[in-house]
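Visitor: Model the full structure from these sequences, guided by the hints.
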Amino acid sequence: MDKNDKINGTCIALLLLSFIGVFGALNLAMADRTFSESENRVLKQLPPFSLKAVLSGTFTSDFEAYVSDQFVFRDRWIGLKTDADRIQGKKESNGVYLGKDGYLIQKFVPPIEGDLQEKMAAILAFDEATPDLRKYVMIVPTAATVLQDKLPRFTETGVEAAYLSDIWRSLPQGIHYVDVLPALYGKPEQHVFYKTDHHWTTKGAYLAYLELCKHMGLVPNEESGFDIQKITDEFYGSLYSRIGYRHVQPDSIELFLRSDPPKIKVTYADEGETTDSLYAMDNLQKKKG
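Residue numbers (my numbering): 1 to 289.
These are calculated hints, taken from the structure and not from any lab test. Only a predicted model underlies this, so the values are computations on that prediction, with no experimental measurement involved. Treat the hints with care, since some could be wrong.
As the list claims (entries may be wrong) - In silico EDC-like cross-links for lysine to aspartate or glutamate, where the CA-CA straight-line distance does not exceed 20 Å: (1) K52 / E64; (2) K107 / D197; (3) K150 / E189; (4) K150 / D197; (5) K203 / E234; (6) K230 / D251; (7) K135 / E211; (8) K150 / D101; (9) K263 / D276; (10) K203 / D251; (11) K187 / E254; (12) K187 / E222; (13) K187 / D149; (14) K91 / E156; (15) K100 / D251; (16) K265 / D282; (17) K230 / D282; (18) K107 / E160; (19) K91 / D197; (20) K203 / D101; (21) K187 / D251; (22) K91 / E160; (23) K150 / E160; (24) K150 / D251; (25) K100 / E156; (26) K107 / E92; (27) K135 / D179; (28) K44 / D62; (29) K107 / D149; (30) K187 / D197; (31) K203 / E189; (32) K90 / E156.
Guide: Printed below as a string of structure tokens:
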């Protein structure tokens with residue numbers, strides 16, 4: 001090793017030590033955060049030290065999670081990583097596709113072995129317990145199947161369609177399967193899924209409602225009979241929180257309100273709360289971009 005190599009090695013070592021020292025000091029100086037607005041989740045706090053936790057290995061894993069969550073400028077590092085992935089041509093980050101026209105689309109992951117059979121067993125048990133009821137099953141496809149034209153090029157498709165077909169073939173004759181995919185597919189102008197969230201929009205839900213009414217022989221309420229109100233245009237959904245990619249526009253949320261709304265009672269069993277509305281309007285203030 002010549003003199004120049006030693007100098008270069010020393011400089012690199014000093015830079016590395018400086019980096020560790022500066023960010024270590026910043027981590028110690030800054031107060032721990034309890035919640036990440038961008039990721040929309042509770043952050044790990046400093047775990048209590050105990051000999052039992054050390055010997056079991058839980059302290060080490062909990063401390064690593066704590067350091068990862070509380071690392072200084074964490075949100076910016078996540079964003080930089082996602083930007084770097086996109087520059088390198090990666091079409092997926094953390095299970096989310098960076099789609100066309102600003103769409104973030106969750107990758108469809110096939111269920112684990114036995115999961116479908118377990119769900120079908122529950123449906124069959126319900127069917128046997130209610131022989132006098134007319135029963136309908138509607139499995140809502142994900143945006144990865146409905147919005148295939150928004151997926152990156154060469155993305156594998158068709159996996160979910162095969163899964164839905166397996167469900168349809170497994171249903172007993174007494175249960176009517178409502179295939180809602182044709183009602184949602186190929187309607188980009190309708191905006192049936194949010195761009196930053198995996199849920200369908202209120203418009204998408206309305207199209208599914210029309211399809212269900214058709215199968216059940218019901219007369220649907222016409223769209224013109226609703227007072228459609230935009231209640232926010234600053235909605236960032238769960239996919240925005242997960243992926244760390246910040247160069248997307250927020251979604252808007254619309255409500256379909258009846259001029260003569262029926263009286264309803266909604267009970268949240270886990271929370272022990274009751275309300276007279278399907279909408280929790282207070283949640284609009286809980287997450288902003």
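Visitor: Take the hints in turn and mark each one as holding or not.
Guide: Now for the hints, and whether the structure bears them out:
With a CA separation close to 17 Å, the supplied pair K52 and E64 stays within the 20 Å bound. The hinted pair formed by K107 and D197 meets the criterion: a straight-line CA distance of about 12 Å does not exceed 20 Å. For a cut-off of 20 Å, the pair hint linking K150 to E189 stands: about 13 Å separates their Cα positions. With a CA separation close to 14 Å, the supplied pair K150 and D197 stays within the 20 Å bound.
Restraint check: the Cα-Cα separation between K203 and E234 comes to about 18 Å, which is no more than 20 Å; the hinted pair holds. The suggested pairing of K230 with D251 holds, with an alpha-carbon distance near 11 Å, which does not exceed 20 Å. Annotation: proposed proximity of K135 to E211 holds, straight-line Cα distance about 15 Å (limit 20 Å). Between K150 and D101 the alpha-carbon distance is near 7 Å, which keeps this suggested pair within the 20 Å criterion.
Taken as a hint, the K263 and D276 pair is honoured in the structure, with Cα atoms around 7 Å apart against an allowance of 20 Å. Restraint check: the Cα-Cα separation between K203 and D251 comes to about 13 Å, which is no more than 20 Å; the hinted pair holds. Proposed proximity of K187 and E254 is supported: the alpha carbons are some 18 Å apart, at most 20 Å. Restraint check for K187 and E222: satisfied, since their Cα atoms lie roughly 19 Å apart, inside the 20 Å limit.
Only pairs whose Cα atoms come within 20 Å are accepted, and K187 paired with D149 is accepted, the gap being roughly 10 Å. With a C-alpha separation of about 12 Å, the suggested pairing of K91 with E156 holds against the 20 Å cut-off. With a CA separation close to 15 Å, the supplied pair K100 and D251 stays within the 20 Å bound. Straight-line distance between C-alpha atoms of K265 and D282 comes to about 17 Å, which keeps the hinted pair within the 20 Å bound.
Taking the CA atoms of K230 and D282, the gap is near 15 Å; set against the 20 Å cutoff, the hint holds. Under the criterion of a C-alpha separation no larger than 20 Å, the hint pairing K107 with E160 is consistent with the structure, at around 10 Å. With a CA separation close to 17 Å, the supplied pair K91 and D197 stays within the 20 Å bound. Under the criterion of a C-alpha separation no larger than 20 Å, the hint pairing K203 with D101 is consistent with the structure, at around 19 Å.
As the CA atoms of K187 and D251 are separated by approximately 17 Å, the hinted pair is consistent with the 20 Å bound. Annotation: proposed proximity of K91 to E160 holds, straight-line Cα distance about 19 Å (limit 20 Å). Of the supplied pair hints, the one linking K150 and E160 holds, its CA atoms being roughly 16 Å apart against a limit of 20 Å. Between K150 and D251 the alpha-carbon distance is near 16 Å, which keeps this suggested pair within the 20 Å criterion.
Using a Cα cut-off of 20 Å, the hinted pair K100 and E156 holds, with the two alpha carbons roughly 15 Å apart. For a cut-off of 20 Å, the pair hint linking K107 to E92 stands: about 8 Å separates their Cα positions. About 14 Å separates the Cα atoms of K135 and D179, which keeps this hinted pair within 20 Å; it holds. Distance restraint check for K44 and D62: the Cα-Cα separation of roughly 8 Å lies within the 20 Å cut-off, and the hinted pair is therefore satisfied.
At most 20 Å may separate the alpha-carbon atoms for a hinted pair to count; K107 and D149 meet this at roughly 14 Å. Simply put, K187 and D197 have alpha-carbon atoms about 18 Å apart, close enough for the 20 Å limit, and the pair holds. Straight-line distance between C-alpha atoms of K203 and E189 comes to about 11 Å, which keeps the hinted pair within the 20 Å bound. Restraint check for K90 and E156: the C-alpha separation of about 14 Å stays at or below 20 Å, so the hint holds.
The structure agrees with every numbered hint stated previously.
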